[in-house]
Each structure stands twice: as C-alpha cells, then as structure tokens.
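Knowing the structure of chain A, use the given hints to seat chain B on it.
Below, each chain spelled out in residue letters.
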Amino acid sequence: MGMGCSQVYLLLSAYLDEMTDPEETREVKTHLESCLDCREKLSQLHRMCLILRKLDNPKAPRRLWKDIKKRLD
Amino acid sequence: MDADIELVKQTLKGDERGFEKLVTKYQDKIYTLCYRYSGNDEDAYDLTQEAFIKAYRSLGTFKGSSRFGTWLYRVTTNVCLDEMRRRKRHIPAQSLDQPVLGADGEMKPIILDDTIPIDELYEQKEQAQYIQSLLNQLKPEHRMVLLLKDIMEFSYDEIAQMLNISSGTIKSRLSRARELLRRKLLDREHLP
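These protein sequences, in sequence, are chains A and B. Reading the first sequence from the start, the letters are residues 1 to 73 in our numbering. Reading the second sequence from the start, the letters are residues 1001 to 1192 in our numbering.
If we strip away everything but chain A, and leave its shape as in the complex, we get (with noise of 0.2 Å):
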C-alpha cells in the first residue's frame, strides 16, 4: 500500500528541491502519477518559488560603507 495525500503533502516541499530519500522519492512518484490534486499542489509550490526567485530585490544604500566606516573609526 503506497502513501496517500496527506503523508505526501508533508513530502512534496523537500520533494521539489530534490531532497527525499530514495524511498520516499519513489512513494511519492508513484503517488503523484494518479493523484491530480498532489501534482496540483506541487506545480503550485514549484510556481510559487519562481515567483519568490524572480522578485525585483532592493540594493544596499551606496552611503552603507561610509555609514559603517563612521563607526569602525
């Protein structure tokens, strides 16, 4: 008896970046090739980390060395 939703729902974030043990990389393959909702919710996961690695990211102030410099002196 394989795994069902909610033992692989607990797998599928480590199971994105490749993070499962050998065993439990197979249970959840074999789960999600006949589980339209557990591969629903990975692609969403996986959607959602490009959004968090695309996000437009603010630069340091260029006054920040002369800033910490003041107090290291």
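Please note that a few of the clues may not be correct.
Derived pair list, reagent style BS3-like, types lysine-lysine, alpha-carbon separation capped at 27 Å [what the hints assert, rightly or not]:
| id | chain 1 | residue 1 | chain 2 | residue 2 |
| --- | --- | --- | --- | --- |
| 1 | B | K1184 | A | K66 |
| 2 | A | K54 | B | K1125 |
| 3 | A | K69 | B | K1184 |
| 4 | A | K59 | A | K69 |
| 5 | B | K1021 | B | K1054 |
| 6 | B | K1013 | A | K29 |
| 7 | A | K69 | B | K1171 |
| 8 | B | K1125 | A | K69 |
| 9 | A | K41 | B | K1125 |
| 10 | B | K1029 | A | K41 |
| 11 | B | K1054 | A | K66 |
| 12 | B | K1054 | A | K69 |
| 13 | A | K69 | B | K1139 |
| 14 | B | K1025 | A | K66 |
| 15 | A | K59 | A | K41 |
| 16 | A | K59 | B | K1021 |
Computed footprint of chain B on chain A; a stretch qualifies when at least three of its residues, placed anywhere within it, have a C-beta under 8 Å from a C-beta of chain B [unchecked claim]:
| id | segment |
| --- | --- |
| 17 | 21-34 |
| 18 | 57-69 |
These are calculated hints, taken from the structure and not from any lab test. Cβ atoms here follow ideal geometry from the backbone N, Cα and C, with glycine treated the same way.
Same frame as chain A, now just chain B:
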C-alpha cells in the same frame, strides 16, 4: 587563492580597504536578506550595518574552514534573529485579521486591500508588497529558512552551516513556510 581570503588577510593586517571591498561585494545580497527579513528599509539598513560591523569585529575568528560568504551570512542571520528580537521591532507572526504594532508603537490594521481588482494586483509592485506582507506573517525561524532557500538560493548544506540546524529542521521549516505562502497566494489568485 580565494580573493575573499586575501581581502580578509589585508583587513586583519590593518588595511580597511580590504574590508571596504568585501562590503562592496556583498552589500546588495546582505541588504536583500535583511530587507526581506525585516520588511522595511530602515530596519534592513540598520541590520545590514550591524552585520558588517559584527563581521569586522569578529574577523579574527574566521578560520577559512568555510567560504567567507557563508561565514558572513551566518553572522547576518544571527544579527537578524537576535537584534530584531532584542529591539522588539520584529514583525511578529500575525494572522491577516489582527492589527499589528507598527514601528512607532501605534496599532495599525494590516494593509491588504481586498477591493483592488485581481488583474491590477498582478502588477509586480502590488504583488511584491503582498508577498512581503506574507513573509512578515511567518515565524522568524521559518522566514529565515525560506529567504535563504527561495530568495537567496542557497543549498540545504549552506543553510545548515549558516543557521547551525539539521537538514530535517530545514525541510520542516521550509515546508511550513512554503505551505502558508502557497495557500495565501492561491486564495488571492496570485498563483497564475
């Protein structure tokens, strides 16, 4: 020879220009981490300065067993996790329905406008603001792991070195953080 190691050696010999080059090299990444952790520019700037100053003062303890960048991020994560708790200006884990304590000490409603049409919310700026508000919802320890993995793109091994936690703890915190964001983004139709 690692260029960073040379700059560390230069700094330890008394030449501050070595440290200036290290600051210039890492400032944007360190600031990004501090900004995404604290949720605002003012705290991010303070935390970034504190991280570099702490790194400078403890530079003699850097033995080169890890890469300098990894060591610097370890200093930075400690500063973020320690300093914000000490100042009590951290963004607490809050539900979307609870008012939050602002930096000025006043209670403020969560700024999330449900009346903005969804198509407008797809504008990058609004989405980024909404995502930051969700990051602010996370417990500090969960937030930090998520930031290091999904924004800074470090490996589990690097994160384990920076935070001195096990791979199992990383998996658990990451799973919880990602699940919260996934559900909230899905609720607001931010996951196309």
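To see whether the hints hold, each was checked on the structure:
1. B:K1184 with A:K66: Between B:K1184 and A:K66 the Cα gap is close to 40 Å, so the pair fails against 27 Å, i.e. violated.
2. A:K54 with B:K1125: holds, 12 Å
3. A:K69 with B:K1184: violated, 42 Å
4. A:K59 with A:K69: holds, 19 Å
5. B:K1021 with B:K1054: Holds - the C-alpha atoms of B:K1054 and B:K1021 are around 16 Å apart, at most 27 Å.
6. B:K1013 with A:K29: violated, 55 Å
7. A:K69 with B:K1171: violated, 39 Å
8. B:K1125 with A:K69: At roughly 33 Å apart (the allowed maximum being 27 Å), A:K69 and B:K1125 break the hint.
9. A:K41 with B:K1125: Measuring from Cα to Cα gives roughly 25 Å; hence the hint holds.
10. B:K1029 with A:K41: violated, 30 Å
11. B:K1054 with A:K66: holds, 16 Å
12. B:K1054 with A:K69: OK: B:K1054 and A:K69 at ~13 Å, within 27 Å.
13. A:K69 with B:K1139: Not satisfied, since the Cα-Cα distance of roughly 33 Å exceeds 27 Å.
14. B:K1025 with A:K66: OK: B:K1025 and A:K66 at ~15 Å, within 27 Å.
15. A:K59 with A:K41: Violated, because 33 Å separates the two Cα atoms, which is more than 27 Å.
16. A:K59 with B:K1021: holds, 16 Å
17. 21-34: violated (count 0)
18. 57-69: holds (count 10)
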